[in-house]
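Visitor: Quick mapping for you: the protein sequence lines, in order, are chains A and B.
If you're matching positions, the first sequence starts at 1 in my numbering and goes up one per residue.
If you're matching positions, the second sequence starts at 90 in my numbering and goes up one per residue.
Don't read these hints as lab results, they were simulated from the structure.
Just so it is clear, CB atoms sit at the ideal spot from N, CA and C, and this is done for glycine as well.
Incorrect hints may have been included.
[Stated by the list, open to error] Listed next, the stretches of chain A that the computed footprint assigns to chain B, with coverage defined by at least 3 CB atoms under 8 Å from CB atoms of chain B:
no., segment
1, 19 to 28
2, 41 to 53
[To be verified] Away from chain B, derived, C-beta distances all over 10 Å, residues of chain A:
no., residue
3, S56
4, S64
5, P74
6, Q81
7, R86
8, D87
[Said to hold, decoys possible] If we take Cβ atoms under 7 Å as the criterion, some of the chain B residues that face chain A in the derived model are:
no., residue
9, Q104
10, P296
11, S298
12, A319
13, I322
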Amino acid sequence: MTMRFERMNHAQSFVMDGERIIVDTEHGVVTQLNEVGGFVWECLERGAEMEELVNSVLERYEISRQQVVQDIVPFVESLIQLRLIRDNT
Amino acid sequence: MCSVCSIRVAEHVLQVATSARWMEQWITSYFPIVNGSVAPDLSLHIEDGYGRPFESFDIRIDRTEAGTCYTRADYKLEINSDYRTAKLQVYDDYSLKHALLHLYSSFIVHFEWGLLIHSSCAVDRDQAYLFAGSSGAGKSTVAVLSAPRQILSDEASLVFIPDNGEVRVYNSPFRSDFVSRTEPISYPLAAIHLLHQSDSLHRNALPSSVVFHKLMGNVFYWAHDPNETAKVIRLIEKLAKYGRAYDLYFQKNSLFWGLIS
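Extracted from the complex, chain B is given alone in its bound form (with noise of 0.2 Å):
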């Protein structure tokens, strides 16, 4: 028998159908269920028993007039064209954990309302501090290195990024471990770290053009279409022209908060 629930991330609402049992307890886990009535921005169809075990992250895409076809060992992932209905095949709540994450990416992308920022996050005083940065360069210490402080995300940022007003980072359900049912507040962003592990603590502004270029690898969103492409590069200009960015250079320990907050 297939439930059906409704789901937030972030401002949006996800319908979500799916006869299988542990995906619906997995899911009704780790997001905040909303009242059936509310309309939902999309519908989405998943299905267990898909594929194989996670080989590794690539990803064959497909593009027809219906829509867009992604293909990984694990998951196949399958979004209409008006980005309002996907339907969703997979192994393993793994390959279910990376699909939304997926599919969730390229929704924000195409309505362009946002990114999801490879880039853990923590709060202080209310703001948002953004800390990215390479494979290794200590995106999860510094989420650690952070407590008590609130962490919106230790691997992906949740960013709202509006054309006028406030840059938000919202509370992201896409964690390394996954917490329960991630509430989904945000906070105005402060500023952006590009990480960097040193012997000495100190920091430097970086130019906007820098941050662009730094950002554009960090973006969880897989190319299928230049024009979608397109709104991925508008998003970061405007994220990279909205506010301070810095070259952050830290020790092991929770010092650099006195640096920078």
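Same shape as in the complex, but just chain A (with noise of 0.2 Å):
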């Protein structure tokens, strides 16, 4: 089954000198976003699967899939366990 994502009403965020901010104004944690991460939260907004977001990050970054899946799944499942965003499926 896809996975499908969804941000929690309560993550808001912004970007700052390039970077993705997000502010989880419910308990009052700031997360800070690289650039490659900046881009997942941008495509998780649109409510992406994760296929989708795999394929996204591969047509916009010179790396392997092997290494988009090893990065990118750890860290929407860090997204999820920061409460920023939930799994829809």
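The two chains are supplied separately, each in an independent frame; assemble them into the complex guided by the hints.
Guide: What follows is the structure, encoded as structure tokens:
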């Protein structure tokens, strides 16, 4: 089954100095993402599925599929643990 | 008998009603009085005789459809959901000062007008310089060392943060030692300095993202509603992106003004 994600309502984000900052307004936690993390976040905000996410990163960055999967899956899991997104499958 | 007076804090008019003579005298001593015909932005009723002496800064927050209630050992603050009326019960002048700061902070956040920032602020050549930092960093020391410059605040800077246009710092009535009737003058913000006491004098420019993180821990705000917290975040974001900010490493003398002004 394909995983589909949804941003939590209390996760507010903006770009500053070229990096994405996400604030959990419910718990007052600030998360700062690098360029790739910010791009993944933007894809997640549009409701991307995991496979779409991987393909989008592959199109944008010159990284192997294996590397993308190795990096993206734990990253998405960490966003879920931080309660910034949820698995809406 | 209940007395009513109108006072000004920055751009806002607060109508204050109280039957406690000492509170009427306290308030009219420290806040500029406004003609009663001016429509208030916020109406406040204050009573004394509440609770017990200050114990800690711990506050219990209760939310209902009618509004939000903040309870501390020495004060109880109830703000209506429209943020146009409030009721305050206090133990003494110390709790009255803290509760008024709390109320005003909530008010200016709700209307996204600005923030009360834990910092001192001094004026040089008609521009305001904010000095922020953790407890003991030297905010009050910097204010003292800045004499004879005008001091806009020594612990709680009142910062107006518009969507567009100039960020301005107002003369803050919320001081560690209150001064009489602080007139609500303001100056444009020139720079924010994050303080570090040091053997040497120097400063480093900071990117906006670092300033945002630092300011997050220096805002007078009591989180009670994610929507209100979102407003605080937007205000801090605007302020962090607005202008210049630095880490300032300073010695305990006034030489830092030669570096920053």
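Visitor: Against each hint, give a clear statement of whether it holds in the structure.
Guide: Right, here's what the structure says about each hint:
1. Given a C-beta distance limit of less than 8 Å, the hint that chain B covers the segment 19 to 28 of chain A holds, as 6 residues qualify and 3 suffice.
2. Counting residues of the segment 41 to 53 of chain A whose C-beta sits closer than 8 Å to any C-beta of chain B gives 0, which falls short of three, so the coverage hint is violated.
3. With a least beta-carbon separation of about 24 Å from chain B, S56(A) lies farther than 10 Å from that chain, consistent with its non-interface assignment.
4. The beta carbon of S64(A) sits about 30 Å from the closest Cβ of chain B, which is more than 10 Å, so the claim that it is off the interface holds.
5. Every CB of chain B is more than 10 Å from the CB of P74(A) (nearest about 23 Å), matching its label as outside the interface.
6. Listed as a non-interface residue, Q81(A) keeps its Cβ farther than 10 Å from every Cβ of chain B; the least gap is roughly 19 Å.
7. For R86(A), the non-interface assignment is confirmed: its Cβ lies about 16 Å from the closest Cβ of chain B, beyond the 10 Å cut-off.
8. The claim that D87(A) is not at the interface with chain B holds, since no C-beta of that chain comes within 10 Å of its own (minimum 21 Å).
9. Taken as an interface hint, Q104(B) does not check out: its beta carbon lies about 31 Å from the nearest beta carbon of chain A, beyond 7 Å.
10. Annotation: P296(B) was flagged as interfacial toward chain A, and the flag holds, the nearest CB pair being 5 Å apart, inside 7 Å.
11. Restraint check, S298(B) versus chain A: the minimum CB separation of about 5 Å is within 7 Å; hint holds.
12. Among the interface hints, the one on A319(B) holds; its C-beta lies about 5 Å from the nearest C-beta in chain A, closer than the 7 Å criterion.
13. For I322(B), the suggested interface contact is upheld, since its CB lies about 5 Å from the closest CB of chain A, less than 7 Å.
When the structure is compared with the earlier hints, violations turn up for hints 2, 9 and for no others.
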